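**Q** Chains as they are written, first to last, in my numbering: chain U, 1 to 279; chain V, 1 to 279; chain S, 1 to 297; chain A, 1 to 297.
Honestly, the hints are just simulated from the structure, not real lab data. Keep in mind it's a predicted model, so treat the numbers as computed, not measured. A virtual CB, placed ideally from N, CA and C, is assigned to each residue, including glycine. It cannot be assumed that every hint is accurate.
To be verified - The calculated label-pair distances, taken between Cβ atoms and stated as ranges, are:
1. E201(A) <-> V142(V): 56 to 62 Å
2. R97(S) <-> D12(U): 51 to 57 Å
3. L46(S) <-> P249(V): 42 to 48 Å
4. R78(V) <-> R211(A): 28 to 34 Å
As the list claims (entries may be wrong) - A partial selection of chain A residues facing chain S, derived with a Cβ cut-off under 7 Å:
5. R6
6. P118
7. P121
8. P135
9. I141
10. D143
11. F145
12. G147
13. A152
14. R154
15. V157
16. P178
17. D213
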Amino acid sequence: MTTQTAAAALADGPVAEDWAVDEIMITSLAAHFVDGDQACNGMASFIPVSAFMLARMTHAPELVWLASAVGLDPRPDRVPASTLEAPLWRDSVMYMEQFGDFWNYALNGRWLQKFCVGAAQLDRYGNANNSFIGTDYHAPKVRLPGTVGMGDMGSIGKLLYYWNPNHNPRSLVEKVDFVSCAGYLGGGSEREDLGLTGGPQLVVTNLCVMDFEPVSKHLRLQSVHPGVTVEQVQAATGFPLLLPDGDVPVTAAPTVEQVRLIRDVIDPDGMRKREMGKH
Amino acid sequence: MTTQTAAAALADGPVAEDWAVDEIMITSLAAHFVDGDQACNGMASFIPVSAFMLARMTHAPELVWLASAVGLDPRPDRVPASTLEAPLWRDSVMYMEQFGDFWNYALNGRWLQKFCVGAAQLDRYGNANNSFIGTDYHAPKVRLPGTVGMGDMGSIGKLLYYWNPNHNPRSLVEKVDFVSCAGYLGGGSEREDLGLTGGPQLVVTNLCVMDFEPVSKHLRLQSVHPGVTVEQVQAATGFPLLLPDGDVPVTAAPTVEQVRLIRDVIDPDGMRKREMGKH
Amino acid sequence: MIQDKRASLAEAASLVQDGDVVALQNMATQLAPMAVVRELIRQGRLNLGIVGLLAGIPVDWMAAAGVMDRFIGGAVTMEQFGLCNRYRKGVEAGAIRVEELSETAVNARLGAGARNLPFLPTRGLIGTELIGMDPDNLRLIEDPFGGRPVVACRALVPDVAIVHAHRADRAGNVQLEPTAEWPDLGIMPKAANRVIVTVEEIVETEVLRRRPDRTVLPGFVVDAVVEVPFGAHPTSCFPFYGYDSAMHLAWVAAARDDVTTEQFLDRYIREPADQAEYLRAVGGATTMLALERMEHA
Amino acid sequence: MIQDKRASLAEAASLVQDGDVVALQNMATQLAPMAVVRELIRQGRLNLGIVGLLAGIPVDWMAAAGVMDRFIGGAVTMEQFGLCNRYRKGVEAGAIRVEELSETAVNARLGAGARNLPFLPTRGLIGTELIGMDPDNLRLIEDPFGGRPVVACRALVPDVAIVHAHRADRAGNVQLEPTAEWPDLGIMPKAANRVIVTVEEIVETEVLRRRPDRTVLPGFVVDAVVEVPFGAHPTSCFPFYGYDSAMHLAWVAAARDDVTTEQFLDRYIREPADQAEYLRAVGGATTMLALERMEHA
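Pulled out of the complex, with its shape left as it was, chain U reads as follows:
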């Protein structure tokens, strides 16, 4: 089953009337994780974790999920307050050894191919920054947490799926202050010329879904969420938007069943709301 047909299948049910923005982010992301994929989440990843759980309950029952890069195919009873603690990997099939073994799979080109990234800054060519804001590495205006896995995932052929619950000109910038996760670098063939495969695929925000124009590798609007205008997206973006050919599509809204699963089963405590509107 390809991403396209998965997304189509998702759109089949009746659309919910009262979906929330966190829910459309979850369903938009979930559509890109399909049977046969292996997904793995990092910390503070309530939106991706909800998306993986939703995909496994609906169109992708055979999506392999390595919770926190530790617990294989777990059965958490709900999204817990941390996406990097044991309650998430409850009832796993395997606990993967973290120092050595996880990276045998992550660095190999065949597994764990899709990776969700949240970052403080993302630029027009999909480069991300989680290191610092400012101009001097040793005297930053704002010290950010740091790159950890992002500093690898951008370089080792992964397909990157960014999520950003706070689409604004400070988080979607012309140029990141520091490239701590390699996207398409200066655009065009620059990434490829460096021998890097994979790269950013999608950006799901609270306003829209964006992909990357295949030649220039520039971020491009793919769809606006229902009720959001292109002008609103442009105003929230720190660089001129690239638009798709023809009319800008509207993001498929969550279905009644998706909303029910998210609210009642996957995340009844609303952990996903924590990520929204922080900045």
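Following the hints, put chains V, S and A in place on chain U, whose structure we already have.
**A** Chains V, S and A alone, transformed into the frame defined by chain U:
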């Protein structure tokens, strides 16, 4: 407790009258493994395994033993028929992961410093060969098993303790047909010049104990086993022997208690005898 | 007895000298050796360089108390509880220097340290600006077999590694309960020159022999083993107990202001004379029982 | 179902093509995937390159049956049962080419293969003549940070890895009973392009969930999982059963002579149609019960 005092302590008890050659090899080797060392055995290592067990029962109760590089401080009920199978690491404190974790300790300069090596050929400078007999790697006269760990242990700073139950001119040769384990190479400072630390320390055979002369790094007779003459050792050696200053000492014979432990407790099935007189 | 590694917290902490590079186990809110961290602060250690893959509250406390001046590692954050603001302020003020690494680079540097290799390579980091910031330790090198370049990550040998686990014997053989195989325990104690282990419980070796597959660290690498029940608090030690949300939130609130930060450090770190007093200060048995009830604990 | 990887022995063996490089689990007399080895011989596979750290009877059988023409690895021996004489004769006759590696070099080559790195370095081998014999795969390189040279070991990506274990579910998630963490399982299936697993028992996934710490291989790397009770015989699968000494000795005796070698291969490998017939040929329940009684079995 140093090796010297350990050896002295061992010599304290009354000497056995009916010790066998395998037993004097075991006691000679055991004296060099002391409290605070970490020892690890490979396959077909009945003499070293018996020596470690004896040391732990007598002068070195705190000798750490990693059986087969797997089982930490095991309590096998006796020397089993294989020194590379689970009965040897019965009742261990830890099962060490073999691919990755064992080598974190073995390659580090601080642990598992002493290593027992058995090889088909050993030369005057302590180089060993377990690869092939002949002149052509791709068309050998005799294909030997191969080097595995030996090919590393000679290069990574270990102190090497050779044992050879079949001292003859084919196993103690002028020059090995192939260096599959690095000893002192061409002798003198050659090993050191290559940046290699550690190196061969001792050779325990069925006839004698040999060490390495500190400057030339040439094998040197340290002691002959009781009843063996220097001439016999020379006749069994494929190169001119280097003798110690003064009289050649006689190897300390096993004590009554050591012989009892070896025969009745450590190796009642006589597995150690399998190594003797094969060639 | 060579194999008796038992020590008090004070003795164990004395293995850490001013200026040392200290590798600290911790994954955001998980399993940090907090009792030793507090002891180092109490003893007034200075100029420590902290190595962490994904460090949380211990680094923020050490930054607040002024015991550290470098961080070498992947990230510093308390996950759901947000950024470590005292650490962040320290970096922004120039009091703490950061040598930021990706996860594979942390692993490669410590892995090379453990294995006495000059470096290990990674394909991570290529294309990022991190390589250029750390030329002493990260170097793009050619593949001798003609393929693409890789990043050589220079060996890192910390002076001390400090880890927390579920149990150990007096020889320092360390066991973890199955929940996860923590990355730091997989490498830090093997790379460092000295190793301090705190455990929930010191047991007879016989107990370890019942489950040799759960032993994750042989005693011969360990210099000091200290029994400290709830020694990871306020971080988690699943399945025994969860992280303490209230304590993390209290710290986040206190850390907003210099005065309240000092009050917090006094109350929870400097004043309690030992672990028992600390546990009373953070809520005593009621709190600990609640943490034991956290899911999976 | 993507995650149903169950296959017959014949289907699994068909993942191996003539000429493939095949990584084979085995430590002397331990835990080799013998049922697949026999199936490859029955199917008349040719020109295989066998990768092994410390290989025993499976390599001797494959050498005797003429299915292999290279060995890449550390050593070939049956430990207490002596050298593998059919393998040895094959090498001496020039029919089998050896690419001999030290243990760290095997690990480095497979480790680089798994991690998609061009090479991994080792400090082993320096001073030996092995480096010079294999310039395509072993190269002394400078330390970019100014230290001593190390040996770069080129990535090895086997076409297929074949391993045996105690249990798996139909998705191919593999568990080992605690006895040891076998080196081959630690890396071969991660480095190879295709993976065949035989197990003593295929169980429901629920069984694995009871002990997730014992799962050593995730199903997503596995292409075929085959239930083969006593699938490692005559090598050991402790703690379930020990190695079969009588069978090893019978092979050593048969291997002395070309005629008796062929008779042995016919009787135990070519003629038994399946694992049940093989087990009857090697002594049936009486033999298997005795092997289960071996110490620790």
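**Q** Run every hint past the structure and note whether it holds.
**A** Hints and how they fare:
At about 42 Å, the beta-carbon gap between E201(A) and V142(V) misses the expected band of 56 to 62 Å. Distance hint check for R97(S) and D12(U): the Cβ-Cβ separation is about 55 Å, which falls inside the suggested range of 51 to 57 Å. L46(S) and P249(V) have their C-beta atoms about 56 Å apart, which leaves the hinted 42 to 48 Å range violated. Restraint check, R78(V) to R211(A): a C-beta distance of roughly 31 Å satisfies the suggested window 28 to 34 Å.
A hinted interface residue such as R6(A) counts as satisfied when its beta carbon comes closer than 7 Å to some beta carbon of chain S; here the least separation is about 27 Å, so the hint is violated. At about 4 Å, the closest approach between the beta carbon of P118(A) and any beta carbon in chain S falls short of 7 Å, and the interface hint on this residue holds. The interface hint given for P121(A) holds, since its Cβ lies 6 Å from the closest Cβ of chain S, which is under the 7 Å cut-off. Evaluation of the P135(A) hint against chain S yields a violated restraint, the C-beta minimum of about 10 Å exceeding 7 Å.
At its closest, the beta carbon of I141(A) sits 5 Å from a beta carbon of chain S; the interface hint therefore holds under the 7 Å criterion. With its C-beta approaching chain S no nearer than about 4 Å, D143(A) sits inside the 7 Å limit, and its interface hint holds. Here the hint on F145(A) is kept, as its CB sits about 5 Å from the closest CB of chain S, short of 7 Å. Of the supplied interface hints, the one on G147(A) holds, with its beta-carbon coming within about 4 Å of a beta-carbon of chain S, less than 7 Å.
With 7 Å as the threshold, the beta carbon of A152(A) comes within range of chain S, its nearest partner Cβ sitting at about 5 Å, so the hint holds. Of the supplied interface hints, the one on R154(A) holds, with its beta-carbon coming within about 5 Å of a beta-carbon of chain S, less than 7 Å. Of the supplied interface hints, the one on V157(A) is violated, with its beta-carbon coming no nearer than about 13 Å to a beta-carbon of chain S, more than 7 Å. Nearest Cβ of chain S to the Cβ of P178(A): about 3 Å, under the 7 Å cut. The hint holds.
A distance limit of 7 Å between C-beta atoms decides the matter here; for D213(A) the minimum to chain S is near 4 Å, and the interface restraint holds.
This entry does not satisfy hints 1, 3, 5, 8, 15, going by the numbered hints stated previously.
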